[in-house]
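Peer 1: Guided by the hints, dock chain U onto chain W, whose structure is given.
There are 2 protein chains.
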Amino acid sequence: MRVPSLPFDPIAEARRQWGAHGWEHAAPAMAVVTSIMRAQQILLSRADSALRPLDLTFARYEVLMLLSFSRRRELPLGKIGRRLQVNPASVTNAVGRLEQQGLVERVPNPADGRGTLARLTGEGARVAAEATSVMNEDFFADLGMDGAEMEHLFELLRGLRQAAGDFG
Amino acid sequence: MRVPSLPFDPIAEARRQWGAHGWEHAAPAMAVVTSIMRAQQILLSRADSALRPLDLTFARYEVLMLLSFSRRRELPLGKIGRRLQVNPASVTNAVGRLEQQGLVERVPNPADGRGTLARLTGEGARVAAEATSVMNEDFFADLGMDGAEMEHLFELLRGLRQAAGDFG
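In order, the protein sequence lines correspond to chains W and U.
Count the first sequence with the working numbering and you get residues 1 to 168, in order.
Count the second sequence with the working numbering and you get residues 1 to 168, in order.
Some hints here could point you the wrong way.
Copies of the same chain look alike in the list, so a pair counts if it works inside one copy or between any two.
[Unchecked claim] Quick list of in silico lysine to aspartate or glutamate cross-link-like pairs, DMTMM-like style, CA-CA up to 20 Å: (1) Lys79 with Asp9; (2) Lys79 with Asp48; (3) Lys79 with Asp112.
Just so you know, the hints here were simulated from the structure itself, not pulled from any lab data.
Just chain W, with the same shape it has in the complex:
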């Protein structure tokens, strides 16, 4: 979201306060956590803005892309959740909305009597391609970091994700 600019970095100020209160040992982690929270807000807001003309959110865009990358353009809902690392309720919401929009359809999973597949429709494939074009040009083209910085940031966060048990 757009918030007014401050004359100083509020997270650096919080970090200074942490040190001044005798919590210097915890100050760098507090600053890192707060920075990641804020960076996520900035990026999610930008991604959602870029996708709004297509009536998509970043969460729904991720589902469309995962389906368009899969061999048969269909996946069980449980697998979508595991791959996007979101909880089942989030997948159900996203797929339900995409279904209303005519971009995916739900079909019974022939390999699992109780299970459901989400399948990309032709319109879903078209919208996914258009959205990727917008995202690649308007958003991913310039994060304000050079290639080495992005590489380093990816590696640091990969360590955090791996330590959290996201992948083995």
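Peer 2: This is chain U only, laid out in the frame that chain W set:
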């Protein structure tokens, strides 16, 4: 949130797909954005878990800490939003809930006839201190990164925050 572990890094796989589709120029930024989104989920889930026994969320904890750092332990709602870089509705929600919990009170702002201050109560100060003790010991004490890594991560995200216009 807890999600099942995968045998491979799903973001590295998405990045590989991006390159395979001819979008290599946008692949590093896509991977960085997706990594920040996931890191935020991991950290927010952990912070909220650490704070749950105190009936707090990270958003409400941030309001308590900002008030406890301010000279008179009170701040206008608008200033809380600017300092925490969240929108007015989020501040209203957080302060409303903290008021119900008896941790802050709302008082008219003597410097602004239409404005409202949030003021930390004695109980609010006590809970803020207890919560910080929990956060510093259970959460900020170990993010799974060493000091140099946290420093580097903070600097990279500071660049992103500054480029987004958060501070001048």
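Peer 1: Determine for every hint whether it applies to the structure shown.
Peer 2: So, going through the hints one by one against the coordinates:
Taking the shortest alpha-carbon separations for Lys79 and Asp9, only the inter-copy value of 14 Å comes in at or below 20 Å, while the best intra-copy value is 41 Å. For the identical chains of this complex, Lys79 and Asp48 are neighbours neither inside a copy (24 Å) nor across copies (26 Å), given an alpha-carbon limit of 20 Å. Taking identical chains as interchangeable, the C-alpha atoms of Lys79 and Asp112 lie at most 20 Å apart only when both belong to the same chain, with a minimum of 13 Å there against 54 Å between chains.
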